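Enquirer: If you want the building blocks of each chain, they are given just below.
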Amino acid sequence: GEDVEQSLFLSVREGDSSVINCTYTDSSSTYLYWYKQEPGAGLQLLTYIFSNMDMKQDQRLTVLLNKKDKHLSLRIADTQTGDSAIYFCAETLVGSGGYQKVTFGIGTKLQVIP
Amino acid sequence: KAGVTQTPRYLIKTRGQQVTLSCSPISGHRSVSWYQQTPGQGLQFLFEYFSETQRNKGNFPGRFSGRQFSNSRSEMNVSTLELGDSALYLCASTQGVSYNSPLHFGNGTRLTVT
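Top to bottom, those sequences are chains U and S. Residues in the first sequence are numbered from 1 upward in steps of one, following the working numbering. Residues in the second sequence are numbered from 1 upward in steps of one, following the working numbering.
No wet-lab data here; the hints were simulated from the structure.
Quick partial rundown of chain U residues pointing at chain S, CB under 10 Å, derived from the structure: (1) Y33; (2) Y35; (3) Q37; (4) G40; (5) L45; (6) Y48; (7) F88; (8) Q100; (9) G105; (10) I106.
The following residues of chain U were derived to be distant from chain S, with all beta-carbon distances above 10 Å: (11) S7; (12) L10; (13) G15; (14) D16; (15) S17; (16) T25; (17) S27; (18) D58; (19) R60; (20) L61; (21) L64; (22) K67; (23) K70; (24) G82; (25) I113.
All of these numbers come straight from a predicted model, not from anything done at the bench. Each residue gets a CB set at the ideal place from its N, CA and C atoms; glycine is no exception.
With the rest of the complex left out, here is chain U:
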């Protein structure tokens, strides 16, 4: 079965790097996503990585994927107060009908201290 786990809370100082971790259990996951949710808003897609990749970098964001350990991480360089939000990890599986099924972690609340 599929399950996605994340730690609940992370606190960092402004300017430091943040690393948010995620583990998933289904090795047949195709794409893995990171979403950001600010208060009162929906989920905003930040970045994603295909399961045959090890790393993806997009400006201040770096995604690392360790398929052997089923571990995904999101690194935010030079963390700013505007990065304070809840970050969700999500894995995508292909359903029996050929469509995608997305499972989300419970979300990691990132607090950036000025």
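With the hints as your guide, set chain S onto chain U.
Expert: Structure of chain S alone, referenced to chain U:
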């Protein structure tokens, strides 16, 4: 392109009543998914519609139902409301025809049941 639009943004209902929530997907997106978000349970998948057909369903009671129209707009209905139905209801759309089709979320409808 306009994003995913959900209406209304806020709803207050009493126990026993029913409620209908609306979602307009991004233009060209044919798949609409609904999620319930609560502090304790995180994001729980309700159902997904593609081309007016329910393609996937989560583990929610029959009081939760949905439909999709020919223009891909979707509605979800909750009948006989319970206090535990208080949550943020999020709608997400995708093109729905490929394995890498990220979910794009609306800002949600905040339902409070008193």
